[in-house]
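Asker: Here are the chains, one letter per residue:
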Amino acid sequence: MEKKEYQKLVKKTTPKPDKMNNSIKVFLCGGLMGAFGEIIRLLLINYFNLKSTDAVSIVLFILIVSACFLTAFCDFDKYVIKLKAGLIVPITGFAHSIQSSALDYKKDGMITGLGSNFFKLAGSVILYGIVSAFIFCVIKVVFYG
Amino acid sequence: MTILYSFLFCGFVCLIGQMILDNSKLTPGHVTSILVVVGAFLGMIGFYDKIIDIVGMGASIPITSFGNTLFASSYKGFQSMGFLGIFKNMLCDVSLGICSAIIFSFIFSIPNKPKD
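So the sequences go chain by chain: F and V.
Residue numbers for the first sequence follow numbering that gives the first Met the number 0, so the first one is 0 and each next one is one higher.
Residue numbers for the second sequence follow numbering that gives the first Met the number 0, so the first one is 0 and each next one is one higher.
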């Protein structure tokens, strides 16, 4: 069999990922998380008389702590593999990446394992966030004053 | 009404991330980095503040708000203190997210047995 024919055969037989189904799931998951956060924020504002910014901080805190807790003691990884971007793009993904790298590298010791690999996955977010914010800030200052 | 808007917006951002993941060879690390940069850019245009006014919490949950908050606090620092203010004020508002993630993941990783 020639190479091209073989590649065609491989393409035919490999199962295509169900993109449509996946994206509906992701949309629902992300959307539900947003709606849940908004409901809690409205409750905090209306019943506890908090400022809007304080309520936002409390909701983010709840989401981050629950993501860390679920990753450490329950099987959060299973859902992350299933729902991918639905859980990675919200702030839960940031907490999940820190927690999972802490758990994975704990076997190498407290300093050389856990300490030095803590930001293995979340480091890129912090690095590019700060660098891009700095660059955009300079651009805005130079062009708009 | 803001509940519906935040449902739609948060789902939409996640959908963009999933589309990038599905149709290219980029990893989740790439996707989150790209979204952070996009958030900082939208913050520079002044578009993200308008979204937050309309959508509410749904705009603060996706990782794009991380970039927006970084930009907004550094710009505020520039206005109050000049060039050094950018460096001094950059992490003020995101400190909640980073520090709570660090502290709680450290605490929760202590009782766990190391995986093989």
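It is worth saying that the hints were derived from the structure and are not from the lab.
Any given hint might turn out to be false.
Said to hold, decoys possible - Result set (DSS-like, lysine-lysine): computed pairs, CA atoms no more than 27 Å apart in a straight line: (1) V:Lys49 - V:Lys75; (2) V:Lys75 - F:Lys50; (3) F:Lys10 - V:Lys24; (4) F:Lys105 - F:Lys24; (5) F:Lys11 - V:Lys75; (6) F:Lys18 - V:Lys24; (7) F:Lys119 - F:Lys106; (8) F:Lys106 - F:Lys77; (9) V:Lys49 - F:Lys7; (10) F:Lys119 - F:Lys77; (11) V:Lys75 - V:Lys87; (12) F:Lys106 - V:Lys112; (13) F:Lys139 - F:Lys119; (14) F:Lys77 - F:Lys18; (15) V:Lys87 - F:Lys139; (16) F:Lys11 - F:Lys81; (17) V:Lys112 - F:Lys139; (18) V:Lys49 - V:Lys87; (19) F:Lys105 - F:Lys77; (20) F:Lys119 - V:Lys49; (21) F:Lys81 - V:Lys49; (22) F:Lys24 - V:Lys87; (23) V:Lys49 - F:Lys50; (24) F:Lys3 - V:Lys24; (25) V:Lys24 - F:Lys119; (26) F:Lys2 - V:Lys87; (27) F:Lys139 - V:Lys24; (28) V:Lys87 - F:Lys50; (29) F:Lys24 - F:Lys11; (30) F:Lys81 - F:Lys119; (31) F:Lys10 - F:Lys119; (32) F:Lys50 - F:Lys81; (33) V:Lys112 - F:Lys81; (34) F:Lys2 - F:Lys24; (35) V:Lys87 - F:Lys77; (36) F:Lys105 - V:Lys49; (37) V:Lys112 - F:Lys119; (38) F:Lys24 - F:Lys77.
Asker: It remains to establish, for every hint, whether it holds in the given structure.
Answerer: Taking the hints in turn, this is what the structure says about them:
no.	hint	verdict
1	V:Lys49 - V:Lys75	holds (17 Å)
2	V:Lys75 - F:Lys50	holds (20 Å)
3	F:Lys10 - V:Lys24	holds (17 Å)
4	F:Lys105 - F:Lys24	violated (33 Å)
5	F:Lys11 - V:Lys75	violated (56 Å)
6	F:Lys18 - V:Lys24	holds (15 Å)
7	F:Lys119 - F:Lys106	holds (15 Å)
8	F:Lys106 - F:Lys77	holds (21 Å)
9	V:Lys49 - F:Lys7	violated (49 Å)
10	F:Lys119 - F:Lys77	holds (20 Å)
11	V:Lys75 - V:Lys87	holds (10 Å)
12	F:Lys106 - V:Lys112	holds (8 Å)
13	F:Lys139 - F:Lys119	violated (31 Å)
14	F:Lys77 - F:Lys18	holds (19 Å)
15	V:Lys87 - F:Lys139	holds (18 Å)
16	F:Lys11 - F:Lys81	holds (24 Å)
17	V:Lys112 - F:Lys139	violated (49 Å)
18	V:Lys49 - V:Lys87	holds (26 Å)
19	F:Lys105 - F:Lys77	holds (20 Å)
20	F:Lys119 - V:Lys49	violated (34 Å)
21	F:Lys81 - V:Lys49	violated (33 Å)
22	F:Lys24 - V:Lys87	violated (41 Å)
23	V:Lys49 - F:Lys50	holds (19 Å)
24	F:Lys3 - V:Lys24	holds (22 Å)
25	V:Lys24 - F:Lys119	holds (20 Å)
26	F:Lys2 - V:Lys87	violated (60 Å)
27	F:Lys139 - V:Lys24	violated (33 Å)
28	V:Lys87 - F:Lys50	holds (25 Å)
29	F:Lys24 - F:Lys11	holds (26 Å)
30	F:Lys81 - F:Lys119	holds (22 Å)
31	F:Lys10 - F:Lys119	violated (34 Å)
32	F:Lys50 - F:Lys81	violated (36 Å)
33	V:Lys112 - F:Lys81	holds (25 Å)
34	F:Lys2 - F:Lys24	violated (37 Å)
35	V:Lys87 - F:Lys77	violated (40 Å)
36	F:Lys105 - V:Lys49	violated (43 Å)
37	V:Lys112 - F:Lys119	holds (20 Å)
38	F:Lys24 - F:Lys77	holds (15 Å)
Of the hints listed earlier, those the structure fails to meet are numbers 4, 5, 9, 13, 17, 20, 21, 22, 26, 27, 31, 32, 34, 35 and 36, in rising order.
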